[in-house]
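Chemist: These are the residues of each chain, in order.
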Amino acid sequence: AQKVTQAQTEISVVEKEDVTLDCVYETRDTTYYLFWYKQPPSGELVFLIRRNSFDEQNEISGRYSWNFQKSTSSFNFTITASQVVDSAVYFCALRFTGTASKLTFGTGTRLQVTL
Amino acid sequence: KAGVTQTPRYLIKTRGQQVTLSCSPISGHRSVSWYQQTPGQGLQFLFEYFSETQRNKGNFPGRFSGRQFSNSRSEMNVSTLELGDSALYLCASSLGGTSVADTQYFGPGTRLTVL
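Chains A and B are the protein sequences, given in the same order.
Residues in the first sequence are numbered consecutively from 1, following my numbering.
Residues in the second sequence are numbered consecutively from 116, following my numbering.
Simulated from the structure, these hints should not be mistaken for lab results.
Accuracy of the hints is not assured; some may be wrong.
[Stated by the list, open to error] On the chain B side, residues computed to face chain A include the following (Cβ under 8 Å): (1) N174; (2) F175; (3) F221; (4) G224.
For glycine and all other residues, C-beta sits at the position ideal for the given N, C-alpha and C.
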């Protein structure tokens with residue numbers, strides 16, 4: 001089965017705390033891409049990052065970092081020093097070979113950052 | 116560069132009616148995909164259009180249809196609306212290559228309420 005699981009439904013943190021959002025996927029494909037999107041209250045899905053299955057290097061972009069581990073089929077997302085503007089629903093998604101443009105999404109993790 | 120635009124942003128319809136949603140992709144993007152987002156089912160793929168042809172389709176009834184015009188703009192139509200069709204409908208555009216690396220960029224969505 002090809003599936004994306006985001007077990008954390010909702011996370012609440014206080015501003016400046018670090019937070020990690022988990023993403024676990026299942027696939028038999030050897031070539032695939034993983035994505036993270038952010039959905040603020042306005043509703044638009046904002047693209048954050050794309051990572052291919054052959055590149056296990058971690059990536060850092062400002063306060064955001066991603067840890068991809070093929071051995072555990074995980075692609076976790078960490079926000080360092082969280083801010084109120086980070087409050088949103090975050091989706092992990094997977095795109096497999098042979099499925100053309102279809103993205104398979106996880107159920108999302110709602111992050112609430114409070115003062 | 117302008118992002119993906121969707122019109123209208125909000126719609127209220129009654130059961131049995133039909134509705135047409137519109138999506139204008141990012142300039143230069145030739146692929147348009149549609150997704151339905153509901154609290155119960157999450158984000159589900161409806162279909163994808165590329166060069167005016169449907170290239171991929173999700174598991175939705177025939178009441179859901181779409182088309183793409185020569186300028187890559189796309190419309191989605193839902194006939195004989197049901198209460199369960201109430202959802203946020205998201206349009207995504209991408210360059211349209213067949214590589215799984217092709218990244219989709221989403222519009223703000225159309226929130227459809229069926230009464």
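Chemist: Each hint needs a verdict: does it hold in this structure or not?
Modeler: Going through the hints against the structure:
1. N174: violated, 11 Å
2. F175: violated, 13 Å
3. F221: Hint on F221 of chain B: holds, closest Cβ of chain A at ~4 Å, below 8 Å.
4. G224: holds, 5 Å
The earlier numbered hints that this structure contradicts are 1, 2.
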